[in-house]
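With these hints in hand, go ahead and build the complete structure from the sequences.
In case you want the letters, here they are:
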Amino acid sequence: MSGERGGRGRGGKKDDKDKKGGDRPRGGGFFRRRRVCKFCADKIDYINYKDVRLLTPFIPERGKIQPRRISGTCAKHQRALQTAISRARQLALIPYVTE
Amino acid sequence: MSHTRQYELVYIVSPEASEPAVAELHTQVEQIVQRFNGTLDKTENWGRRKLAYEIGKAREGTYVVETISGSGELVKEIDRRLRVTDTIIRHLIVRVDEDLRVADRLRSERKATQARRRTARGLPPEPLPSERRGDRDDMDTDDLGLEPEVQR
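If you read the protein sequences in the order shown, they are chains A and B. If you want this note's numbering, it's the position in the first sequence, counting the first as 1, plus 161. If you want this note's numbering, it's the position in the second sequence, counting the first as 1, plus 130.
Since the hints were made in silico from the structure, they are not lab data. Mixed in with the good hints, there may be bad ones.
EDC-like cross-link-like pairs, simulated, lysine to aspartate or glutamate; straight-line CA separation at most 20 Å [to be verified]:
id, chain 1, residue 1, chain 2, residue 2
1, B, Lys241, A, Glu260
2, A, Lys211, B, Glu184
3, B, Lys206, B, Glu160
4, B, Lys172, B, Glu207
5, A, Lys237, B, Asp227
6, B, Lys180, A, Glu260
7, B, Lys187, A, Glu260
8, A, Lys211, B, Asp171
9, B, Lys172, B, Asp209
10, A, Lys204, B, Asp229
11, A, Lys204, B, Asp171
12, B, Lys172, B, Glu184
13, A, Lys237, B, Glu239
14, B, Lys180, A, Asp212
15, A, Lys211, B, Glu154
Across the chosen pairs, the derived CB separations fall in these ranges [claimed, not checked]:
id, chain 1, residue 1, chain 2, residue 2, range
16, B, Gly177, A, Lys237, 30 to 36 Å
17, B, Glu174, A, Pro256, 21 to 27 Å
18, A, Arg230, B, Pro145, 36 to 42 Å
A virtual CB, placed ideally from N, CA and C, is assigned to each residue, including glycine.
Structure representation (structure tokens):
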């Protein structure tokens, strides 16, 4: 899939700070993903560790917790998510590792 | 002497234990709660469930969730008892009252603001669950290199 972008992005270093603030509209067919914290959007105040269905989207195949930069979760909810996931892991609802 | 706090207790009973044995464990917990002047608010039996990983030799277990109000000493005793009970392969006690209180407060605050805004705007701002961008290809292209002329 590197062919898609080949001509344009050459030499442009990736810039994470820009990625975050870059929600202003620009012409040129390039758009930024909107990154919305799922818990803020769905108004989940308490991340229940027993709710496996809620937690699984944040656990990729390997079993690790998806980082914030990918999932878009806000800091506050990522922290809560962390505890919820560790509790669910203790209760064998979610694996620690998957091979 | 001590404050009443709300706790959530989850324990996993070994798959070898029979139904009455599970019920027996429940009454044991109940007795401890009563002895320490606590209250057992809610009990949920999830039934047999597959474990995400093996605990000892067990691949599945019976999950029981109990909501208990009581003192710290009560929980300490329950914790000790569950620890020494062989049929219980795993247990977890979490204090929930503070978290729930925070959640409650947030919810009511949000409701208040929402109501205020709704009356101001005159439209029902029932927000949709926002779309989660989940496709990985998108991410890959991002990593390939962004144009440097972003700010303009």
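Hints, verified against the model:
1. About 44 Å separates the Cα atoms of Lys241/B and Glu260/A, which puts this hinted pair outside 20 Å; it is violated.
2. In summary, the hint linking Lys211/A to Glu184/B is supported, as the alpha carbons are separated by about 18 Å, within the 20 Å threshold.
3. Distance restraint check for Lys206/B and Glu160/B: the Cα-Cα separation of roughly 14 Å lies within the 20 Å cut-off, and the hinted pair is therefore satisfied.
4. Among the hinted pairs, Lys172/B with Glu207/B is consistent with the structure: their alpha-carbon atoms are about 19 Å apart, no more than 20 Å.
5. With a C-alpha separation of about 19 Å, the suggested pairing of Lys237/A with Asp227/B holds against the 20 Å cut-off.
6. A threshold of 20 Å between alpha carbons decides the hint, and for Lys180/B with Glu260/A the separation of about 18 Å falls inside it, so the pair holds.
7. Using a Cα cut-off of 20 Å, the hinted pair Lys187/B and Glu260/A holds, with the two alpha carbons roughly 19 Å apart.
8. The straight-line distance between the Cα atoms of Lys211/A and Asp171/B is roughly 17 Å, inside the 20 Å bound, and the hint therefore holds.
9. For a cut-off of 20 Å, the pair hint linking Lys172/B to Asp209/B stands: about 18 Å separates their Cα positions.
10. As the CA atoms of Lys204/A and Asp229/B are separated by approximately 15 Å, the hinted pair is consistent with the 20 Å bound.
11. Of the pairs offered as hints, the one joining Lys204/A and Asp171/B is violated, with about 26 Å between alpha carbons and a cut-off of 20 Å exceeded.
12. Between the alpha carbons of Lys172/B and Glu184/B the distance comes to roughly 28 Å, so the proposed pair goes past 20 Å and is violated.
13. Of the supplied pair hints, the one linking Lys237/A and Glu239/B holds, its CA atoms being roughly 17 Å apart against a limit of 20 Å.
14. Of the pairs offered as hints, the one joining Lys180/B and Asp212/A holds, with about 15 Å between alpha carbons and a cut-off of 20 Å not exceeded.
15. Using a Cα cut-off of 20 Å, the hinted pair Lys211/A and Glu154/B is violated, with the two alpha carbons roughly 24 Å apart.
16. A beta carbon spacing of about 34 Å between Gly177/B and Lys237/A agrees with the range 30 to 36 Å that was offered as a hint.
17. At roughly 23 Å, the beta-carbon separation of Glu174/B and Pro256/A lies within the given 21 to 27 Å, and the hint holds.
18. Distance hint check: the CB atoms of Arg230/A and Pro145/B are about 40 Å apart, consistent with the given range 36 to 42 Å.
Of the numbered hints stated above, those contradicted by the structure are hints 1, 11, 12, 15, listed in ascending order.
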